[in-house]
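Those sequence lines, one after another, are chains R and A.
Just so we're aligned: 446 in the UniProt record's numbering is position 446 of the first sequence, and the numbers increase by one with no gaps anywhere.
Just so we're aligned: 339 in the UniProt record's numbering is position 339 of the second sequence, and the numbers increase by one with no gaps anywhere.
Quick caveat, the hints were computed from the structure, so don't treat them as lab data.
Treat the hints with care, as some may be off.
If several chains are the same, the list does not tell them apart, and a pair holds so long as it fits within one copy or across any two.
Computed cross-link-like contacts, DSS-like style, restricted to lysine-lysine with a CA-CA straight-line distance of at most 25 Å [stated by the list, open to error]: (1) Lys-282 / Lys-294; (2) Lys-123 / Lys-347; (3) Lys-463 / Lys-347; (4) Lys-266 / Lys-403; (5) Lys-266 / Lys-306; (6) Lys-73 / Lys-256; (7) Lys-123 / Lys-73; (8) Lys-403 / Lys-140.
The structure presented is a predicted model; accordingly, all values stated were derived computationally and were not measured.
2 protein chains.
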Amino acid sequence: MVRTSLVRQASAVHSTLHNNQATQQQNYATVPVTNSSHSSFVTGIQKSPTTETAQKKTLVLLGTGWGTTTILKNLDTRKYNVVVVSPRNYFLFTPLLPSCTVGTTEGRSIMDPIRHIVQRQGKAMQFYEAQCSDIDLATKELVLKQVPDTSAASSTTVTSNVPVRIRYDHLVVGVGGTYNTFGTPGVEQYACFLKEMGDASKIRRRLKDAIEKASFSNISEEERDRLLHVVVVGGGPTGVEFAGEVHDLVTEDLVKWVPGLSHRIKITVIEALPNLLPSFDKRLVAYTQRTFTKNGIEMRTGTRVKEVRDKTILVSSDSGESEIPYGTIVWAAGIRAREFAHTLRGKVPDVQTSGRGLIIDDYLRVKGVEDIWALGDCTVSKYAPLAQVASQQGKWLAKALNKMAADNAQADTFSRIANSVEPFNYMSNGSLAYIGGERAIAEIPLFRKNIAVGGPFASVFWKAYCLWELSSLRSSLSVATDWTKRSLFGRTMSVD
Amino acid sequence: MVRTSLVRQASAVHSTLHNNQATQQQNYATVPVTNSSHSSFVTGIQKSPTTETAQKKTLVLLGTGWGTTTILKNLDTRKYNVVVVSPRNYFLFTPLLPSCTVGTTEGRSIMDPIRHIVQRQGKAMQFYEAQCSDIDLATKELVLKQVPDTSAASSTTVTSNVPVRIRYDHLVVGVGGTYNTFGTPGVEQYACFLKEMGDASKIRRRLKDAIEKASFSNISEEERDRLLHVVVVGGGPTGVEFAGEVHDLVTEDLVKWVPGLSHRIKITVIEALPNLLPSFDKRLVAYTQRTFTKNGIEMRTGTRVKEVRDKTILVSSDSGESEIPYGTIVWAAGIRAREFAHTLRGKVPDVQTSGRGLIIDDYLRVKGVEDIWALGDCTVSKYAPLAQVASQQGKWLAKALNKMAADNAQADTFSRIANSVEPFNYMSNGSLAYIGGERAIAEIPLFRKNIAVGGPFASVFWKAYCLWELSSLRSSLSVATDWTKRSLFGRTMSVD
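Produce the complete structure using the sequences and hints provided.
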């Protein structure tokens, strides 16, 4: 059962991990996490001699988001057999996701393949495109399920429905968060979300459809206004940035291509709290609200969504309930941990008591289990669910793991980390959000003070930040090219 | 019922086309094709005074392909009320579609929005994103159906299922072709096609899925080889170019990112005729076959596909029947006219007797009907179904329509064209095809001779041709940027 089929130049050293596994687990195919199958996937710099790598521990990273990708970049992959498992084979630069919904940037520009990231750095890992559906804490095994074929009604490329098991010595859970409907009826069915690239493509298609359908004159004026009403639920950075991007699309492009319609497109942001952007400096919140008012974006703060229906949304506020017709609705109201976090919680329900995600300690260790760390949006910690937090956690954990692996590969890394390194501590690098009309807001910590800036300068700063933070030269150049094209030729709303 | 609701600065001149229509056709909403609603969609240069335009005839163009787009570019739109109806709101530069399947070029680079094309030229038209489902020759009316929402399970953006009627004085049918399965079982269900942008995206996803699934080691060697087998049915230019592009993806990119798998990816081209590229010069055919052999692309000529099954394809040749396992199958075996061509044929079945499409005369007039022209792949003429043919037909027809509209707008344009202009005559500008590995083949007519060139020089020529022929500066720059990015950073197979 132990196959090294992928390996042409396989070394003679075989895995010792699974010698007895196959017979024990008749229902599961077993993937050998050997240094040989491992090295078969990696060209370029192969830094450690083969004989040594057989002694290495297997470190499994779940996810390809901000946390795990930062681990990969900072980890000395010569010291572990690194296995990455994720349903998507790329890293997504989420700050530019709202701008992908209207074509300011193109999707592929902000999707960086995980194999490219690793190879650029001369590192080694094995990647599986799969979802982790279960975990066995006793045998230290993960159950993987292949992701369903994204393109087909047919089963052509699906190979088997037999789950695959892989073993870990160390596990890092960075599966991130997904949208949270808070149980509001109709959201799943009618709303678009804004978490993954597929969501952005869907919104782009939805906006295009609404505009094309509003071009017909066999509909009532009310129906036309409904189609052209874009509603955003959630006044956090994602919702605010999306509203700003739609405003730009309308004023910079649609005004030219559908002049008879563009002035009728209406954008509404619904927020349950009394203000937009609750986590930002008050002056910036006021600046954003002034800018939105000037740009004709309606804000309905202190308003809760009760239900999303086919063509209307039911909201309630101090002034009572009302029904708002909409053409496109984007739900950016909150996030919750992904399923696997809850699966893992279920294994130690006495300790893991938070429905919001995995409870971790100051060393990112998941409480109640061994050899499992977690970071980012699937965790409950004292920090907000920010890309920046996950990224800093990844950097911290990679360094700790590098240090622990140095001398004694067999010792208890999980406990040793807490004894020999400083606990993780988040240092904010500031907050940024684009709000439309070449304006952004920024909070930058400088000399122990938070500098708050809103306006065109902050927008330049925001752009520079994006180009700088993008994970590759390819992405930075692609986004810069997208922006140049937009300024020369405008956006396009052509969608397949 | 006659609404000019989209028009804010509507002129006082209303359509005279539909005054009695609404009451006659109770079941249909009627779209006023007025000069006023028309001008409401168009900014920029409004060349004709409003009082004159009310006298103009309504010219409806069906489709946004090579033929109709070329008409738009060459037509004097001041002389007609121009209405364009198409299920897609962009022009697609089809020669680069095969290269979109593997990310050599990005989809959006070769999709040029129809409203941009028109506005760049300071022209005027009204666009409806719709399918033409029926035609009434007696009342000169078209029945339009809105295209289904491309993004949603919900009906949010669909406004009504009531078909819309529009009237035409002149009609140009340029609905193009779609794939032809020749009744082969299983093709619809299991194969990918290569006609529209959505097809290219689907192939890209399918290839990515196959590679990721082949990375698992819980499958047999046979299953892995099956997944990594890319089969192309049809040895015409599309099939050959697709095979060449996949070869480039493997040798230039996958060899780096999945070195353990890339050498096992196999490409097979199946062609019923004894040779690939039947329409090309024999020396170029031989050159292509030599290049393919060198590149490890298997050619099964003289082989017919009997059935496509879930994971295998059943073929027959002189040596008997055999079953070939495949992971991805692309059907590029032939085209047939789209549905509307057959709907129109059905109105005059005695005259329109060809199942291949609309029979037209030398003046592109559809035989058996009045005031209807047709061009491109939905027609049966003495010319091959080539983009070049449709494009030249469009240019010819635009000029003829310009001339006929000049003096006497009320006269019988349909008959007058045959009396006063030369019949359409196709002049080949040559044939080009990219065959992979920076090689192309080209037949260029020069001094009444056909020059045949195959190799890297032809590939440069092919690239220059694409950049030159792309319909906008935006597209040309986008494609040039795509190629530069590819040469610097390689392709990416990240798909949402």
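Checked hints:
1. In this assembly of identical chains, the alpha carbons of Lys-282 and Lys-294 lie at most 25 Å apart only when taken from the same copy (18 Å versus 67 Å across copies).
2. When the C-alpha separation of Lys-123 and Lys-347 is checked against a cutoff of 25 Å, the pair qualifies neither within a copy, at 33 Å, nor between copies, at 67 Å.
3. When the C-alpha separation of Lys-463 and Lys-347 is checked against a cutoff of 25 Å, the pair qualifies neither within a copy, at 44 Å, nor between copies, at 59 Å.
4. For a Cα distance limit of 25 Å, the shortest separation of Lys-266 from Lys-403 qualifies neither inside one copy, at 55 Å, nor across copies, at 44 Å.
5. For the identical chains of this complex, Lys-266 and Lys-306 are intra-copy neighbours only, at 21 Å inside a copy versus 54 Å across copies, given an alpha-carbon limit of 25 Å.
6. With identical chains, the CA atoms of Lys-73 and Lys-256 are at most 25 Å apart between copies only, with a shortest distance of 19 Å across copies and 44 Å within one.
7. For the homomeric pair Lys-123 and Lys-73, the shortest alpha-carbon distance inside one copy (8 Å) is at most 25 Å, but the shortest distance between copies (53 Å) is not.
8. Within a single copy, Lys-403 and Lys-140 get their C-alpha atoms as close as 23 Å, which meets the 25 Å cut-off; across copies the closest is 80 Å, which misses it.
Taken one by one, the earlier hints fail for this structure at numbers 2, 3, 4, listed in ascending order.
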